[in-house]
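J.: The lines below spell out each chain.
Protein chains: 2
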Amino acid sequence: MRRFAAERTRKLLFSSLGFASSYSSSPSSNPISAAAAAAAAMASTTSPPVTYESINPKVKKCEYAVRGEIVTQAQRLQQELQENPGSHPFDEILYCNIGNPQSLGQQPVTFFREVLSLCNHPAILDRDETHGLFSSDAISRAWEILDLIPGRATGAYSHSQGVKGLREAIAAGITARDGFPAKADDIFLTDGASPAVHMMMQLLIRSEQDGILCPIPQYPLYSASIALHGGSLVPYYLDEATGWGLEIFEVKRQLEDARSKGIIVRALVVINPGNPTGQVLSEANQREIVEFCKKEGLVLLADEVYQENIYVENKQFNSFKKISRMMGYDEELSLVSFQSVSKGYYGECGKRGGYMEVIGFTPDVREQIYKVASVNLCSNIPGQILASLVMNPPKVGDESYESFIAEKEGILQSLARRAQALEDAFNSLEGVTCNKAEGAMYLFPRLRLPQKAIDAAKSVNTAPDGFYARRLLEATGIVVVPGSGFGQVPGTWHIRCTILPPEDKIPAIISRLKAFHETFMNEFRD
Amino acid sequence: MRRFAAERTRKLLFSSLGFASSYSSSPSSNPISAAAAAAAAMASTTSPPVTYESINPKVKKCEYAVRGEIVTQAQRLQQELQENPGSHPFDEILYCNIGNPQSLGQQPVTFFREVLSLCNHPAILDRDETHGLFSSDAISRAWEILDLIPGRATGAYSHSQGVKGLREAIAAGITARDGFPAKADDIFLTDGASPAVHMMMQLLIRSEQDGILCPIPQYPLYSASIALHGGSLVPYYLDEATGWGLEIFEVKRQLEDARSKGIIVRALVVINPGNPTGQVLSEANQREIVEFCKKEGLVLLADEVYQENIYVENKQFNSFKKISRMMGYDEELSLVSFQSVSKGYYGECGKRGGYMEVIGFTPDVREQIYKVASVNLCSNIPGQILASLVMNPPKVGDESYESFIAEKEGILQSLARRAQALEDAFNSLEGVTCNKAEGAMYLFPRLRLPQKAIDAAKSVNTAPDGFYARRLLEATGIVVVPGSGFGQVPGTWHIRCTILPPEDKIPAIISRLKAFHETFMNEFRD
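Top line first, the protein sequences correspond to chains X and S. The first sequence maps to residues 1 to 526 in the working numbering. The second sequence maps to residues 1 to 526 in the working numbering.
Rather than coming from a laboratory, the hints here were simulated on the basis of the structure. Warning: the hint list may mix true and false statements.
For identical chains, the list gives no copy identity; a pair is met inside one copy or between any two copies.
Here are the simulated EDC-like pairs of lysine to aspartate or glutamate, each with C-alpha atoms no more than 16 Å apart in a straight line [to be verified]:
id, residue 1, residue 2
1, 58, 367
2, 60, 364
3, 58, 208
4, 371, 63
5, 60, 367
6, 436, 239
7, 261, 208
8, 452, 523
9, 61, 208
10, 61, 364
11, 61, 367
12, 371, 69
13, 322, 283
With the sequences and hints as input, model every part of the structure.
T.: Below, the structure written as structure tokens:
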């Protein structure tokens with residue numbers, strides 16, 4: 001009965017919205033319905049105000065640990081330090097909770113910023129003084145980019161997939177990277193990678209019976225987005241013992257398990273290089289994954305935002321697009337690759353630039369993706385420009401090439417050294433083991449905590465790794481994210497720590513970390 | 001039975017995601033479950049690939065007319081013109097479908113672009129040449145802004161509500177505008193106003209039983225967002241006969257009507273100045289609306305993105321915040337005000353800057369809004385900076401003040417002239433009446449079409465105004481949006497046309513429009 005009423009109302013109100021030619025109700029100039037309304041008004045009840053209880057339960061269910069409680073506490077401590085220096089046993093908060101390089105002092109790449117600056121204020125492009133301030137290839141690149149934008153209007157909404165010419169530039173960059181052609185029409189520019197992930201979840205998830213396979217541990221954007229869109233996260237475990245290996249057998253087992261419970265599994269998320277785990281997949285492993293998605297009819301959602309962050313000699317990044325092309329697949333594999341300007345050596349998180357390359361969807365489905373993109377009009381143009389730049393950096397012979405390469409290599413080599421130093425430090429701690437960060441920006445050490453610490457955490461209603469992270473923050477000012485925010489094998493405990501603190505501070509951080517850990521273990525030793 | 005299975009699965013999969021301490025399944029190193037998986041695999045079926053039928057029905061239901069079919073057709077014609085000049089009876093496409101001023105040649109405000117340019121490349125701030133290229137107050141403003149950003153890192157993620165100091169600047173701008181205090185903590189910076197609207201819909205809508213009162217005609221972002229979040233749009237009609245007046249009696253009637261159908265109405269959307277209608281609400285009317293929302297327990301969602309676009313002497317913009325404060329309401333009215341850098345005299349659509357000011361929500365609900373904001377990390381920093389600039393433009397005595405005012409007044413006065421010229425033109429057409437654009441960027445003339453035209457539209461399965469708009473495009477290159485995309489009283493037909501074409505082209509546009517209309521009427525005259 002209630003269901004019927006709701007259905008009828010939906011039909012009346014929803015289908016009426018202007019796209020059909022009739023409405024369920026007419027304007028109040030109609031005196032008869034006005035009288036009816038007055039009568040109805042007397043019988044009506046007042047809507048509840050907005051309470052926690054009355055908001056969308058999907059919103060309440062969603063969690064995003066990277067900016068969770070520990071970070072809120074850190075912000076509080078930071079304020080206390082500002083207002084009352086010396087109030088804590090440290091003099092600054094070190095945000096190792098999030099891959100936000102420039103917040104920890106990483107400098108932006110000069111060429112990228114020059115071009116952005118010029119595109120923001122094209123009026124100075126043909127002034128003499130400009131040649132004294134900007135490199136000549138930045139000036140010529142700015143001209144090229146302006147010529148790609150209709151009317152050179154960097155302040156206009158673009159095509160909802162992004163400026164066509166910038167998408168062509170990105171497609172050229174992908175083609176150069178992979179050795180296989182990419183198409184501008186397959187590129188959707190977005191405000192960072194996160195909105196792109198949301199768009200795909202929104203498209204694929206109809207109800208909680210739709211499942212998305214995600215690695216555990218995972219980057220919590222995926223769990224948050226699945227929760228917000230009302231789907232089911234189907235976990236598959238990465239194997240810590242083999243350096244966070246992705247075992248196709250495990251993925252298959254979880255797929256079958258979910259299916260046996262009535263879940264329609266729609267997509268497989270793979271994060272490569274891994275976040276929070278730092279592993280870089282081998283080509284053989286990627287081939288297995290592609291074959292698996294093809295065979296099982298899954299969309300492969302490939303988070304490839306760390307594609308430039310590789311720190312070991314014996315590994316290299318291969319895009320899933322490249323692997324699938326090498327295997328002879330074209331449009332018959334449904335594949336979405338996410339890329340962002342926030343990571344890599346550029347680390348331009350605040351610019352919110354990114355794109356997804358969408359392959360193997362039918363035209364009518366792509367039209368729906370475009371429609372969702374169009375509701376938000378377009379992504380920000382400086383972010384679009386920057387995405388085209390990171391996919392097409394200066395080339396040999398360009399005036400900026402040498403200094404660009406020096407900046408790029410300087411950042412990447414420093415990241416590799418920092419990753420190694422912190423990995424060694426974690427491995428030196430009692431009860432802690434830490435896999436190598438082959439790529440990305442994180443270490444995810446495993447903590448074997450004494451039972452007393454686990455009990456103490458339980459007594460304050462906190463997960464043991466959350467308890468450890470809070471103690472670490474309060475003692476040292478170092479902000480990490482508890483492993484429980486990413487998911488982990490039950491009974492194991494981890495923290496995620498970025499490799500991003502400035503290199504000159506790493507020795508001091510390691511000392512503080514070691515001293516804290518020793519004190520903590522002494523306090524709770526069984 | 002099925003319900004039970006789904007419920008159980010949800011519990012197993014969903015609750016398991018890492019935030020609790022246990023999982024429903026363990027890694028595949030367990031040989032027993034591995035064997036079970038192998039057995040299950042044999043019995044499993046393959047997921048369906050992604051088809052139009054298998055995507056989220058809410059996505060399919062969503063419509064966004066402003067970038068709909070007519071625009072797609074226009075883009076096709078534009079390409080044909082490029083490839084084959086002379087192939088159509090016009091030589092350019094005039095996009096009057098969307099409030100995108102810079103795409104039609106409006107120049108950006110110099111001061112804003114100077115500051116953005118400098119903040120993008122702070123390295124040039126203390127170079128001598130910079131003083132030759134940028135105004136001194138742009139340079140000092142850039143320094144001020146950089147000092148508001150932690151570590152001067154314009155490439156870092158900010159606080160998820162936006163940089164605190166920029167929110168303080170915006171709050172100061174609101175305070176100056178309204179004469180009542182605003183708080184930085186109430187500001188959420190967003191990538192344009194659209195994501196802010198989505199956030200509120202996501203928060204408020206639990207199911208199709210939750211309704212949102214929206215004006216008809218409305219800006220289709222609202223219908224699109226309500227559809228995407230699975231709610232019900234509850235229409236209230238603006239009265240065309242009184243210049244698109246908002247009659248509280250009509251709103252009340254529709255509220256009661258919806259409630260009698262079991263809809264829980266959660267919020268009232270008011271667009272002021274109106275889009276697509278251009279009306280500016282009177283203070284008395286706004287007081288009624290505030291009182292109504294207070295009494296009925298509705299969130300007032302105030303779309304105030306056209307607050308700087310007023311073209312008539314006898315009207316002025318009052319924010320709903322100001323009105324509610326004048327009435328003595330503080331936190332007891334739930335009010336969200338949306339503002340954007342895309343409109344006003346600045347028209348910086350491509351920068352995707354905007355904010356919402358959120359008032360009258362309990363701390364636990366605000367925390368949920370913050371959480372949703374945090375899942376996307378933050379809005380783009382250049383957009384945040386620009387939002388702070390439009391709310392704090394140059395002041396008397398600043399070096400840029402005179403030229404800034406000249407640019408601002410030049411744009412606004414030209415918009416007023418264009419609005420008047422186009423209004424007069426529409427009113428001169430046979431069977432067309434057009435209300436004044438008191439504000440915003442649009443005219444929404446009513447077309448009284450001959451029955452033969454209505455029949456002709458029906459025979460090609462199109463709404464009559466869509467038929468007219470397509471004919472107009474094909475004959476003149478002018479792109480407008482059919483009224484059916486915004487909603488209108490059944491049996492009436494409108495088009496929305498922006499007032500944004502360059503002023504020197506307006507006479508030619510009017511001639512083309514008149515000639516087309518005459519031909520159209522002659523063809524279909526009853």
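J.: Find the hints from earlier in the document that the structure breaks and name them by number, from lowest to highest.
T.: Hints that this structure does not satisfy do not exist here, as all of them hold.
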